[in-house]
Amino acid sequence: MSEIGYTCKYTPVELLRALGGQPVLLNREAEEFTFSEGVTHNHFCCHAKAVLEHCKQGGVRQLVLVNCCDSVRRTYDVLLARGELDFLFLLDLPHHDGPCARERLKAELLRLAAEYGAFTGVPFDPAAFRAAFAPPAPLPAGPYLAVVGARVGAGLLEQLRRQSPLPVEDFTCGGNRAAAPLPEGEDNLEALMDAYAAALLGQIPCLRMDEIAGRQALFNRPGLAGLIYHTVKFCDYYSFEYETLRHETALPILKIESDFTPQPAGQLATRLAAFVERLGLQIQAPAVHTARGQYVAGIDSGSTTTNVVVLDLQGNLKASAIVRTGPKASVGAEKAFAALAGCMLEDMAAVVATGYGRGSIPFATGQVTEITCHARGAHHLNPAARTIVDIGGQDSKVICLDGEGAVTNFVMNDKCAAGTGRFLEMMARTLELSLPDMSQMGLRWQQDLTISSMCTVFAESEVISLIADNHSAQDIVHGLNKAVASKTAALVSRAGGTGPYMMTGGVARNRGVVAALEERLGAPLWVADEPDLSGALGAALFALDSVRAEQ
Amino acid sequence: MNENVVRTFGQLVARQLPAHPERARRLLSTAYQFVGAQMRYVPPKGMLRARSYLQGVTSPLMAKALGRAGQCACVNVFMPCELLHALDITPMLPEGLSCYLVSTAAERPFIEIAEERGVPESYCSYHKLLLGLAESGVMPAPLCVLNTSLACDANQLTFRRLAQHYQVPRFTVDVPLADSPADLAYVAGQLREMGAFLEQCSGKKLDKGKLRQALVHSAATAEDYRQYLRLRAKRSQREEMSAEMFSMLALHMLLGTPQAARHAALLRQETARLPEKLEGRRILWMHTLPHWQSSMHEILCLSGRCEVVSCDMTFDGLSSAIDPDRPYESMARRLVESGYNGGARRRVERALEMAKALNCHGVIYFCHWGCKQTSGAAQYAKQTLEAAGFPTLVLDGDGCDSGNVNDGQMVTRLQAFLEQLEGQA
Numbered sequence: 004m005s006e007i008g009y010t011c012k013y014t015p016v017e018l019l020r021a022l023g024g025q026p027v028l029l030n031r032e033a034e035e036f037t038f039s040e041g042v043t044h045n046h047f048c049c050h051a052k053a054v055l056e057h058c059k060q061g062g063v064r065q066l067v068l069v070n071c072c073d074s075v076r077r078t079y080d081v082l083l084a085r086g087e088l089d090f091l092f093l094l095d096l097p098h099h100d101g102p103c104a105r106e107r108l109k110a111e112l113l114r115l116a117a118e119y120g121a122f123t124g125v126p127f128d129p130a131a132f133r134a135a136f137a138p139p140a141p142l143p144a145g146p147y148l149a150v151v152g153a154r155v156g157a158g159l160l161e162q163l164r165r166q167s168p169l170p171v172e173d174f175t176c177g178g179n180r181a182a183a184p185l186p187e188g189e190d191n192l193e194a195l196m197d198a199y200a201a202a203l204l205g206q207i208p209c210l211r212m213d214e215i216a217g218r219q220a221l222f223n224r225p226g227l228a229g230l231i232y233h234t235v236k237f238c239d240y241y242s243f244e245y246e247t248l249r250h251e252t253a254l255p256i257l258k259i260e261s262d263f264t265p266q267p268a269g270q271l272a273t274r275l276a277a278f279v280e281r282l283g284l285q286i287q288a289p290a291v292h293t294a295r296g297q298y299v300a301g302i303d304s305g306s307t308t309t310n311v312v313v314l315d316l317q318g319n320l321k322a323s324a325i326v327r328t329g330p331k332a333s334v335g336a337e338k339a340f341a342a343l344a345g346c347m348l349e350d351m352a353a354v355v356a357t358g359y360g361r362g363s364i365p366f367a368t369g370q371v372t373e374i375t376c377h378a379r380g381a382h383h384l385n386p387a388a389r390t391i392v393d394i395g396g397q398d399s400k401v402i403c404l405d406g407e408g409a410v411t412n413f414v415m416n417d418k419c420a421a422g423t424g425r426f427l428e429m430m431a432r433t434l435e436l437s438l439p440d441m442s443q444m445g446l447r448w449q450q451d452l453t454i455s456s457m458c459t460v461f462a463e464s465e466v467i468s469l470i471a472d473n474h475s476a477q478d479i480v481h482g483l484n485k486a487v488a489s490k491t492a493a494l495v496s497r498a499g500g501t502g503p504y505m506m507t508g509g510v511a512r513n514r515g516v517v518a519a520l521e522e523r524l525g526a527p528l529w530v531a532d533e534p535d536l537s538g539a540l541g542a543a544l545f546a547l548d549s550v551r552a553e554q
Numbered sequence: 012m013n014e015n016v017v018r019t020f021g022q023l024v025a026r027q028l029p030a031h032p033e034r035a036r037r038l039l040s041t042a043y044q045f046v047g048a049q050m051r052y053v054p055p056k057g058m059l060r061a062r063s064y065l066q067g068v069t070s071p072l073m074a075k076a077l078g079r080a081g082q083c084a085c086v087n088v089f090m091p092c093e094l095l096h097a098l099d100i101t102p103m104l105p106e107g108l109s110c111y112l113v114s115t116a117a118e119r120p121f122i123e124i125a126e127e128r129g130v131p132e133s134y135c136s137y138h139k140l141l142l143g144l145a146e147s148g149v150m151p152a153p154l155c156v157l158n159t160s161l162a163c164d165a166n167q168l169t170f171r172r173l174a175q176h177y178q179v180p181r182f183t184v185d186v187p188l189a190d191s192p193a194d195l196a197y198v199a200g201q202l203r204e205m206g207a208f209l210e211q212c213s214g215k216k217l218d219k220g221k222l223r224q225a226l227v228h229s230a231a232t233a234e235d236y237r238q239y240l241r242l243r244a245k246r247s248q249r250e251e252m253s254a255e256m257f258s259m260l261a262l263h264m265l266l267g268t269p270q271a272a273r274h275a276a277l278l279r280q281e282t283a284r285l286p287e288k289l290e291g292r293r294i295l296w297m298h299t300l301p302h303w304q305s306s307m308h309e310i311l312c313l314s315g316r317c318e319v320v321s322c323d324m325t326f327d328g329l330s331s332a333i334d335p336d337r338p339y340e341s342m343a344r345r346l347v348e349s350g351y352n353g354g355a356r357r358r359v360e361r362a363l364e365m366a367k368a369l370n371c372h373g374v375i376y377f378c379h380w381g382c383k384q385t386s387g388a389a390q391y392a393k394q395t396l397e398a399a400g401f402p403t404l405v406l407d408g409d410g411c412d413s414g415n416v417n418d419g420q421m422v423t424r425l426q427a428f429l430e431q432l433e434g435q436a
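Respectively, the protein sequence lines represent chains G and C.
442 is the number that the working numbering gives to position 439 of the first sequence; each next residue is one higher, with no gaps.
33 is the number that the working numbering gives to position 22 of the second sequence; each next residue is one higher, with no gaps.
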């Protein structure tokens, strides 16, 4: 049998199998997009680019694509023009699912049967076709999570399965395939393709179909404990469903976006762990340090700074420090401890690590994600706060809390640096300003400039143009602050955040950004004296919990 | 209009938006009425009568779209509108309204509203803008929502969300990729159903005579436009960047009206009066034009170095035969035979034919932000057109959102391309 690649659940895999093909789902991530961007464009669906890379590397010689979306159609056009595959077919799937659409799909199936049959030389055998229908794999007996939304890369799915304490099912548009076996009846090709068209169109619809009410069935399945909603960069379909779903579903939901390259483990692990913590499935009490110390510590190992907070066993602040992380998280953590006045590692009864580098701190006795730690620390500092805006070096997040300080929802920025501390740092460098100067300057503006580019690189060129046009640094900084505020307000809105608001993270020290964001939100932002320490404080509180639980 | 006045107006609209969307709506609607009156009574000097006439027609329509609820049917670019014209229902085109909004520098807050409500940043800005208009409360509810699956995914997404937002009925015409008789019959059948759907939505009875008359207007418009293009092949004319965008409205949303027919007739007549003479580099444009961008306008329209002779969004349906006695089949044929249907090869072949027919020197393939069907075929188009002797610039930009644009880079690319074309003279 010869392998034939496919990407969509509407692909007639049973027919291909009956005609001698061995259908293989193409859902592998690509290391790079050099070839695919060369033949298409960099603003092109990342899944489609990964398929092109896969074809280029000779991973597939035969391919059946479905007219799923603009990107797949163009992928077909490009592959057709290159003429390098042995077999290439585009199945024109109707957008409707009524009788006329079924008739059209039947015609398409007959066309495919003729073309692929001629290619393989295998005659159509009704018995082989019927035998090609495999029953769908059963769902887990107990609770499970499901990835829904746009097709998910094999590597990402595996990573999710590895990190989740519950089984993870693939309900995305690539994985949720269930063509029902055909009813007994006439066994001629025409009649079989007619019934087959109905079976394919009878699946739970993907977002590309016109009528999508049937998708509710996906979210009502027994045992489904939470949704991991996946979108692909430059595929727009599923963001729309996510927006509706997050308002309507009672299931906990985590949004992730991938670009079909191997995922950096850090941010995904943080998001998934925080989600799992929110589900109440795996809030493990951090292991207690064997030493019988008098203090506990929380270390927030961030991309820019490492922050440490030490509490005594009554929960009073004993010491804190903020140092640059440097290239290695463990060294940063050691530096942070060394910077503490009068506190030694040996004095700690427990040390909980949080932040990006939390897995790399050898002396930590436990780990909790920064989402949960920021929420805990912020609630401790200001129990009235219901929405925490945290802008750090490379992340910005919005965390929503209930009255008890439990996380009810959170969102994070994507890979892009727009709206983060790094964005402001880069702009400060362009303007040749120090960060403290920049913080003050944004308050003394006169002309209301707008930096419309959200992309860091574009914004930098916009800033250079404004400098060339003799605009004052104050006005430009105010424009940048507004850009960050706009990006952050969008995150607040996506998270469904409501007041009272609190801001944490290093950027909360920037008074201009705080003022611009307050204006956008139409509400004051509460900022602690040491806004960067909130995550470390939360971690220290978790460490204290663990010690108290032992006692 | 003076750029500062436009910017001040845009800021005024933006300020009203959060608390008083109805005031923002009135401001925009009044501005569009004003533009319409200006075009009718004091058209700008040097502008062809065909152009000012058309703007005098479309501006009040945009104002109407922002008027009372339930007056217009929201449609996408490729939706045949003869049924609407026969039923006296005004079509409202998001791309059209988005173009008007960006002309009043009022687009940014609407885009932000859409993004805050989960519309992805990578989404087509025209559609994002429309969703912002709807969800900010500025655009009143349409009577119904109609869309084709042609030419892009955004139709399906935006129009579904609009119908949900307004809780109004929606109809989708599914356009298959092929153009066999069975495909044609499939689309014609859906258009018949759409007629019944519109009768039900509006409570009006479709008059077959009026539908036939609409198709007569469509046929006359297409014929005059084809003749205009033949004349234009030997003539130069300095035009605004928005000119082709307005013609696109005449050949889609307004097709089937006497106004579109008059526009095409005027265009033919005025072009016939121009001297037979070619000046500067002649450019065929593919996809929409960023008419808001003054740097592009400066080079393409004012520099005298080049002219945009035609845009492939105007002639995508011109080659299909129209038989007023078979209205549904005629409309269906325009869809399945469209240059934007049936894969990139057809679109590029049509552009190539037109580039030859219009004596063009080069092609600009505009990758509007978020348009995957355009960006995905960019390199294929470039290679194919260049192999046929037409230097092609793939120009990344945005038809309506300055936030996605690196203006300086676009200027450099465009100027370098012109230098390339001039070097070949």
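Calculated from the structure, these hints are not laboratory results.
A few of these clues could be false.
Claimed, not checked - Derived DEER-like restraints, expressed as beta-carbon distance ranges: (1) Y52/C - P503/G: 38 to 48 Å; (2) G200/C - D128/G: 57 to 67 Å; (3) G61/G - A80/C: 29 to 39 Å; (4) G362/G - V422/C: 23 to 33 Å; (5) K219/C - G61/G: 57 to 67 Å; (6) A387/G - A80/C: 54 to 64 Å; (7) I470/G - A368/C: 27 to 37 Å.
Claimed, not checked - Pulled from the structure, derived: some chain G residues nowhere near chain C, Cβ distances all over 10 Å: (8) F47; (9) R76; (10) A110; (11) P143; (12) G178; (13) A492.
Remember, it's a predicted structure, so these values are computed and weren't measured experimentally.
From the three backbone atoms N, C-alpha and C, an ideal C-beta is built for every residue, glycine too.
Hints, one by one, checked against the model:
1. Y52/C - P503/G: 38 to 48 Å: For Y52/C and P503/G the Cβ distance comes to about 55 Å; the hint is violated.
2. G200/C - D128/G: 57 to 67 Å: Roughly 35 Å apart at Cβ, these two residues miss the hinted range, so it is violated.
3. G61/G - A80/C: 29 to 39 Å: violated, 58 Å
4. G362/G - V422/C: 23 to 33 Å: violated, 47 Å
5. K219/C - G61/G: 57 to 67 Å: Holds - the Cβ-Cβ distance for K219/C and G61/G, about 59 Å, lies within 57 to 67 Å.
6. A387/G - A80/C: 54 to 64 Å: violated, 41 Å
7. I470/G - A368/C: 27 to 37 Å: violated, 47 Å
8. F47: Given a closest Cβ separation of 5 Å, the condition is violated.
9. R76: violated, 7 Å
10. A110: About 6 Å separates A110/G from the closest Cβ of chain C, which leaves it inside 10 Å; violated.
11. P143: Nearest chain C Cβ is 30 Å from P143/G, so the label holds.
12. G178: Given a closest Cβ separation of 20 Å, the condition holds.
13. A492: The claim breaks: A492/G does not keep its Cβ more than 10 Å from every Cβ of chain C (closest is about 7 Å).
Violated hints for the displayed structure, listed by number in ascending order: 1, 2, 3, 4, 6, 7, 8, 9, 10, 13.
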